[in-house]
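Read top to bottom, the protein sequences are chains A and B. So the first sequence is numbered by my numbering: it starts at 50 and just counts up by one. So the second sequence is numbered by my numbering: it starts at 93 and just counts up by one.
For the record, the hints were derived by calculation from the structure and aren't laboratory data. Treat the numbers as computed from the prediction; the structure is a model and nothing was measured. Be careful, since some hints might not be right.
To be verified - Distance windows between CB atoms, simulated:
| no. | chain 1 | residue 1 | chain 2 | residue 2 | range |
| --- | --- | --- | --- | --- | --- |
| 1 | B | ASP107 | A | GLU201 | 46 to 54 Å |
| 2 | B | GLN139 | A | VAL82 | 38 to 46 Å |
| 3 | B | PRO233 | A | GLY145 | 25 to 33 Å |
| 4 | A | GLY145 | B | ALA114 | 34 to 42 Å |
Stated by the list, open to error - Computed, partial: chain A to chain B, Cβ under 10 Å:
| no. | residue |
| --- | --- |
| 5 | ASP85 |
| 6 | VAL106 |
| 7 | ALA154 |
| 8 | GLN164 |
| 9 | LEU174 |
Virtual Cβ for every residue (Gly too), placed ideally from N, Cα, C.
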Amino acid sequence: MTVNGADVAADVEDRTLLVHFLREVAGLTATNVGCDTTSCGACTVLLDGESVKSCTVLAAQADGHDVVTAEGLAGPDGELHPVQRAFRAEHGLQCGFCTPGMVLAAVSLLRENPQPTEEQVRTGLEGNLCRCTGYHNIVRAVLTAAKDMAAEPAEVAR
Amino acid sequence: MIPAPLRYQRVSSVDEALALAAEHGEDAKFLAGGHSLLPLMKLRLAQPEVLIDLGPLRELSYIQDAGRHIAIGALTRHYDLEHSALLARAVPLLAHAAGQVGDPQIRHRGTLGGSLAHGDPASDLPAVVLALDATLVARGPSGEREIAATDFFHGLFETALEPDELLVEVRVPTPAAAGWSFQKFTKRAIDWAIVGVAVQGGAVALVNMASTPVRAVAVERALAGGASPRDAAAQAARGTSPVEDINATPAYREHLARVLTGRALEEAAGRAGLRTPHV
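In isolation and in its complexed conformation, chain B is listed as follows (with noise of 0.2 Å):
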């Protein structure tokens, strides 16, 4: 499978991949680590008729301690993010994930940007950055501007980002709250999730439950009003509209984000040195 013939534009600064959107419009992807997009491409289910390689563009790939946020350029890769000492120490939970994405291949070229910008619901890092109450920093033909990692997601594979805009940065805010677990269940390793969780703190993100990553706010909810980690997790599915597909039903994900919310929050407490109730 090759995918179907597209014009390939390297570009050597933002300002040129910018240019370039501007100038195709809808008829332009970008292209980072390429690992979502690339099979796409290959099964026909994308067809840009330009591909701007930001791939030279290593100034967007640094991850670094601001004060009170960690800021991590957008392709930044899962293989750095992975090995990064200064998110090991101060978002562990982002850089445990991104050692759970794909497999050691895929890790060394797909981008947290590549992975954000491209949004899809299965993906592992969109939940993590919505639990990790991020901030997403788009460059514009105007300029920048910063989106709530909660207001990013609109759909799958559709974003708040605007054709024209380039994902730069990612905000994450420290200190995190106390407590995190990641969780997913696959068939192989290289596999999507058929359901996932982030959690961090009080904030908990379902992979995979609905069209876009999505807040667990019934299981937030009853874990402000101090329930169990067991009965909260009990929430999970509200409010969820998972899909049916070769992999699952419904009713079976519903099933796997309950049991997995409770094993995240119970990790969670234990990280955190909170005596898990016992339940």
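Chain A on its own, in the form it takes in the complex (with noise of 0.2 Å):
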């Protein structure tokens, strides 16, 4: 599979979890394992540019297919994509625990949906938990990050 742009090959057991495989086979610790259960999106990935649980899809479903996870989501110099900067901007963090998986998610919601209501983001990160429940700074970071990404459409592509 491609992670990050990366070719990342190896033999693991056919029951490995794509959550393993990015944290313990392609050294990528962002991605966190949270519930286990695919209710926390913890450890929400890009699979093929949409968000995904990856703890819930096994590696070998992913097998040919492009995964992005927190680390790809900089530029080649380490300017932080869009999303990530809104989410430092507006303090839309408390512990951290979620914010690979939040921005993750509100990559793939902008996306889907580039100029999202309050409720549509809302709704859009309903797959999500924050146990600090910090949601009032997640949402306003992704408005923010929408905002950015229109006045700057070349952000958009990454």
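Grab the two chains, each in its own frame, and use the hints to assemble them into the complex.
Below is the structure:
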């Protein structure tokens, strides 16, 4: 599979979950294991550009596909993705555990709906739980990111 | 949590999938989006020895107008149902309900056929296809057969499908009867419905009120006899057998069934352009 633009190949047990492949084989630990029951969204990654919960996808199912984790969002010179930037600017995190999944869910949401209303952001992030309950700033961050990305359309491609 | 050891087989054609299913019988399970099956496997409530991954079978993902019905490939994802202009026009109940399944991540992976074949009475779409009087098409070693949705669900996680059969298509008759609604009650957006109800015209189906999705026959009879939505909805729990679990007692589920059915019938009547009787 491709992970953050690089080819990654390994022989793993058939039952290996994508999240474990990313953390333990590819060495990319931004993707967190939270509830491990398809509920919390902490393990959200992009699979072929769409948000999925990597605790509920077998690594083998992603074979031949394109995966993006939080490590793959920043630009080549390390400049943050507009969604990452907005999470920092709006303080869209408290403990930070849900943040990688939250950011990737937001990137997927904004690809499908570049100018969401506040309510659409809230329903669009239904699959991600923040145990600090920091939802207000997270929603504000996604709305800010939408505004920023509309102003700099080149960023949308990422 | 990881699933028990298994053998993963990715197939490139329906015939290959059927051959593997015939070879391994009860030891094998088809894997579509995996969002019902993999969670059960992680809890070891399901332990198939062989997983037949249907992921590459893009030919089973489509939504087509076939004249007297809409034909939907079994591997069409909830996301695709939710965003289909054809469905929004012809069968808005299905498009809307698909958009209520789980959360965006789940809708990016989960499929219509997978949800139906899994046979979980707490899932949304089995009750929806029941209310739509859909026909399900299964392909096996000796060809295809049609199964009415009303004959498809046999019990908890049990359907009319044989181990060597694959659900390939869902046919929803058109034009759909006027007026539709989908209501469900959950604690969190991502949870299964504690109770849900799907209405299309005079057909009413309930989520999570028995070991299978069920038609609310008493409600349908009352409606056909000219009862008001409120009077008809009062019959919603008749003939059901809801479970007791961590979320609700049977009595609470029965109460929810009546309340949600009332709301659904009112909304459906409004959409049908009928004057809602004052109750």
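Which numbered conditions among the earlier hints are violated in the structure presented, ordered from lowest to highest?
2, 3, 4 and 8
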